[in-house]
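Engineer: At position 22 of the sequence shown (counting the first as 1) the number is 51 in the numbering used here, and the numbers step up by one without a gap.
Source of the hints: derived by calculation from the structure; they are not laboratory data. Among these hints, one or two may not hold up.
Have a look at the derived ranges for each label pair, beta carbon to beta carbon [claimed, not checked]:
#1 60 x 122: 32 to 38 Å
#2 64 x 249: 19 to 25 Å
#3 168 x 123: 17 to 23 Å
Calculated cross-link-like contacts (lysine-lysine; reagent style DSS-like; alpha-carbon spacing at most 30 Å) [stated by the list, open to error]:
#4 61 x 166
#5 166 x 98
#6 185 x 166
#7 212 x 61
#8 245 x 61
#9 212 x 185
#10 98 x 212
#11 166 x 212
#12 245 x 212
#13 185 x 245
#14 245 x 166
Note that the coordinates shown come from a computational prediction; the quantities given were computed from them, not determined experimentally. Note that beta-carbon positions come from the ideal geometry of N, C-alpha and C, so glycine has one too.
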Amino acid sequence: MARSAPATCKAARRKPATGRETAAERQQRTRKILRRLRAEYPEARCALDHATPLELLVATILSAQCTDKRVNEVTPALFRRFPDAAAYAAAPLPELERMVQSTGFFRNKARALRGLGQALLAEHGGEVPADMEALRKLPGVGRKTANVVLGNAFGKNEGVVVDTHVGRLARRLGLTRHDDPEKVERDLMELVPRRDWALWAHLLIFHGRQVCAARKPRCAECALADICPSAEI
């Protein structure tokens, strides 16, 4: 649970002028952000419930345009019914569609899951590959999904997950000027230590949900207010 930012004098809380920051100063500020968020959210982790790389891959595909909470309500029954790639490969589409309907775009997602199972069987012996290029060739898998799986199922920091929270906070914090997720990711990869790429996304997602909301950010409670150029303090 986020704690309130400590009270400080106005001089100490003066916001950074990010337009005049050097690359080294921005990187130093990014590391300060990382340290503070790590202290605020020691429990930060992947919010999608899973026990295997395949379960995480399926859950991440279902999470497109859907909340993690809803996905976690759907996946227990789905994982019991389809425990491996072979089960997805042979799944009747109408049944898959019914089981994932509440996650939205269910017809596309059901086709992607069956295609995923078939591709894993044909090309990877039924196992999820721990490789960015191989993952991105699978049905329903883009760079963001591949980053989620690599970082959380295999402990491989190949990139930074950029969802709506990460993109919004990165712009508010003055760490990028871009809207395109891949450009935001490139900016963040230059600023955040590689060993922390997966953790960084979890921290920003937690902070975005609990404090830095899209419509009404609670700047008065934010531990980053004095180093955030967008904070209303």
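Engineer: Determine for every hint whether it applies to the structure shown.
Structural biologist: Checked hints:
As the Cβ distance of residue 60 to residue 122 is approximately 48 Å, the hint placing it in 32 to 38 Å is violated. Checked against the given bound of 19 to 25 Å, the beta carbons of residue 64 and residue 249, roughly 21 Å apart, stay inside it. Separated by about 18 Å at the C-beta atoms, residue 168 and residue 123 satisfy the suggested range of 17 to 23 Å. Proximity of residue 61 to residue 166 is assessed by CA-CA distance (about 37 Å); at most 30 Å being required, the pair is judged violated.
A C-alpha spacing of about 27 Å is found between residue 166 and residue 98, which places the hinted pair at or below 30 Å, so the restraint holds. Between residue 185 and residue 166 the CA atoms are separated by roughly 18 Å; this keeps the pair inside 30 Å, and the hint holds. This hinted pair checks out: residue 212 and residue 61 have alpha carbons roughly 22 Å apart, not beyond 30 Å. For the given pair, residue 245 sits about 24 Å from residue 61 by alpha-carbon distance, which is consistent with the 30 Å threshold.
The suggested pairing of residue 212 with residue 185 holds, with an alpha-carbon distance near 20 Å, which does not exceed 30 Å. Taken as a hint, the residue 98 and residue 212 pair is honoured in the structure, with Cα atoms around 28 Å apart against an allowance of 30 Å. Restraint check for residue 166 and residue 212: satisfied, since their Cα atoms lie roughly 21 Å apart, inside the 30 Å limit. A C-alpha spacing of about 26 Å is found between residue 245 and residue 212, which places the hinted pair at or below 30 Å, so the restraint holds.
Between residue 185 and residue 245 the CA atoms are separated by roughly 34 Å; this puts the pair beyond 30 Å, and the hint is violated. Under the criterion of a C-alpha separation no larger than 30 Å, the hint pairing residue 245 with residue 166 is inconsistent with the structure, at around 39 Å.
Violated hints, in rising order: 1, 4, 13, 14; the structure is consistent with all others.
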